[in-house]
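Engineer: Single-letter residue listing:
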Amino acid sequence: MKISTRVKFQPLIAALRAEPLTDRVPDELSGSYISDLLSDVLAHAKPGTLWLTIQTHRNVVSVAATKDIAAVLFTCGRKPGGEVIAEAEEEGIALLTTPLTTYEAAGTLWETGFR
Amino acid sequence: MHRAGAPLSDVNTSDARRISVAQVLVYELRVRDAMSKPPITAAPTDTLRAVQNLMKARRISGVPISDGDNLLGLISIEDIIRALDKGYIDDRVQQHMTRNVITLRDRFSLVRAVAEFDRHEFGRFPVLDGNDRLVGVLTRGDITGCLMQHLERRAEEALAHEAALRAEGVVDDAADRIVVRTHVRTGDYDSAGGVSQRMRQVLRDRGIDPEIRRRAAVVAYEAETNIIIHSLGGEITATIDPDKVCIEAVDVGPGIENVEQAMQEGWTTAGRLPRELGFGAGMGLPNIKRCSDNLTITSDNKHGTHLRSEIYIHKAGAPT
Chain G
229 MKISTRVKFQ
239 PLIAALRAEP
249 LTDRVPDELS
259 GSYISDLLSD
269 VLAHAKPGTL
279 WLTIQTHRNV
289 VSVAATKDIA
299 AVLFTCGRKP
309 GGEVIAEAEE
319 EGIALLTTPL
329 TTYEAAGTLW
339 ETGFR
Chain L
633 MHRAGAPLSD
643 VNTSDARRIS
653 VAQVLVYELR
663 VRDAMSKPPI
673 TAAPTDTLRA
683 VQNLMKARRI
693 SGVPISDGDN
703 LLGLISIEDI
713 IRALDKGYID
723 DRVQQHMTRN
733 VITLRDRFSL
743 VRAVAEFDRH
753 EFGRFPVLDG
763 NDRLVGVLTR
773 GDITGCLMQH
783 LERRAEEALA
793 HEAALRAEGV
803 VDDAADRIVV
813 RTHVRTGDYD
823 SAGGVSQRMR
833 QVLRDRGIDP
843 EIRRRAAVVA
853 YEAETNIIIH
863 SLGGEITATI
873 DPDKVCIEAV
883 DVGPGIENVE
893 QAMQEGWTTA
903 GRLPRELGFG
913 AGMGLPNIKR
923 CSDNLTITSD
933 NKHGTHLRSE
943 IYIHKAGAPT
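Chains as they are written, first to last, in the numbering used here: chain G, 229 to 343; chain L, 633 to 952.
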């Protein structure tokens with residue numbers, strides 16, 4: 229995960245067949261991190277990144293806010309509850325969901341040249 | 633009132649360049665803390681005249697129209713005036729109500745609610761919960777009333793807390809010190825991150841280097857989840873000074889059997905539920921250590937665990 233260039237998010241959303249759950253999504257991303265362990269994300273995720281996870285409870289938003297993560301992509305079609313979405317709106321963190329598995333989503337991102 | 637339990641105090645001992653308690657409150661308090669509930673509503677089959685009488689009786693200027701807790705529309709005093717003027721006051725509400733009503737969520741902070749009032753110039757907003765159920769109505773008056781009430785309580789708490797600290801000789805009258813403190817309950821995974829969130833806000837408002845802010849937030853978050861997962865309950869305090877942040881987590885037990893072992897990455901004693909939620913990876917204490925400039929942990933089975941982490945604030949570039 230050594231990405232310094234910023235990448236436009238919109239084309240990635242289309243490639244991932246992702247559905248935004250929050251009103252706003254960031255224009256750009258600085259990289260990505262994949263983990264379902266919150267402490268692992270707290271240890272390794274960089275600010276401004278896209279976080280892929282299957283966890284959907286509200287601590288995902290707390291962790292994302294703690295690390296200034298730009299957007300969270302829930303894989304395997306998972307969706308958090310309305311409370312979690314409302315909290316993400318308030319924290320300014322974008323939430324999206326994709327029907328792809330984490331592996332497929334990562335592969336898709338990689339193929340678009342997002343590295 | 634706060635998602636991580638009732639804060640004991642937010643103490644602010646400086647007079648200059650401080651964040652006012654009211655400023656902190658509008659971020660902390662939620663729409664659901666201030667809204668009028670249960671909402672006074674009318675049914676779509678009621679007549680406009682019935683709504684007019686309801687407004688008069690309850691001294692309100694707008695009524696959400698609902699089917700149970702399902703919001704369908706809104707009738708405002710302007711709608712009533714128009715009905716009287718045009719002579720259709722005995723029509724049913726459903727023929728004339730505003731259907732695309734702008735709402736607030738009960739979780740929104742008051743600062744966001746105030747922004748919505750400024751943007752839309754409405755006198756009131758119906759409030760929905762996370763499941764789209766109508767749970768209340770918010771007016772500007774509700775916000776003012778709620779702030780006044782909390783300011784008064786907060787002022788009393790701050791004075792009492794400061795007096796207690798002075799008695800212990802803890803207060804050094806350091807300028808710009810802010811203390812954020814919260815009770816943490818065992819197993820309360822839904823509330824994790826309360827102190828961390830408030831601390832981040834203070835650090836952001838002060839323009840502290842984002843990397844330092846993130847390190848402090850990681851320490852506070854991990855320390856808080858440790859209490860939730862492993863202890864019988866405790867308290868977490870973040871003391872924010874101009875030159876450092878000090879995070880203290882104190883619990884009532886049962887204590888860490890072997891601190892050295894617990895500091896090793898991957899070592900965990902967490903049960904199944906926290907692990908399914910993504911906690912308990914055995915990285916909490918190692919994360920805290922990595923993010924701290926100075927860390928001490930004392931633990932025994934009589935007094936529980938006391939963790940103290942310091943993060944130094946040095947002058948840095950502009951925040952990103």
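Hints are supplied without guarantee of correctness; some may be wrong.
Unchecked claim - Label-pair distances were calculated between CB atoms; the ranges are:
{"#": "1", "chain 1": "G", "residue 1": "R306", "chain 2": "L", "residue 2": "R691", "range": "24 to 32 Å"}
{"#": "2", "chain 1": "G", "residue 1": "P248", "chain 2": "L", "residue 2": "I709", "range": "44 to 52 Å"}
{"#": "3", "chain 1": "L", "residue 1": "K688", "chain 2": "G", "residue 2": "P248", "range": "43 to 51 Å"}
{"#": "4", "chain 1": "G", "residue 1": "W338", "chain 2": "L", "residue 2": "A747", "range": "23 to 31 Å"}
{"#": "5", "chain 1": "G", "residue 1": "P248", "chain 2": "L", "residue 2": "P670", "range": "40 to 48 Å"}
Unchecked claim - Which residues of chain L face chain G? A few of them, derived with a C-beta cut under 10 Å, are:
{"#": "6", "residue": "D822"}
{"#": "7", "residue": "F911"}
{"#": "8", "residue": "G912"}
As the list claims (entries may be wrong) - Partial list, computed: chain G residues near chain L (C-beta under 8 Å):
{"#": "9", "residue": "E247"}
{"#": "10", "residue": "D251"}
{"#": "11", "residue": "P275"}
{"#": "12", "residue": "G310"}
FYI, nobody ran anything at the bench for these hints, they're computed from the structure.
As the structure is a computational prediction, the values presented were derived from the model and not from experiment.
C-beta atoms are modelled at their ideal positions from N, C-alpha and C, and glycine is treated no differently.
Engineer: Can you list which hints this structure breaks, lowest number first?
Structural biologist: Violated hints (numbers, rising): 1, 2, 4, 5, 9, 10; every other hint is consistent with the structure.
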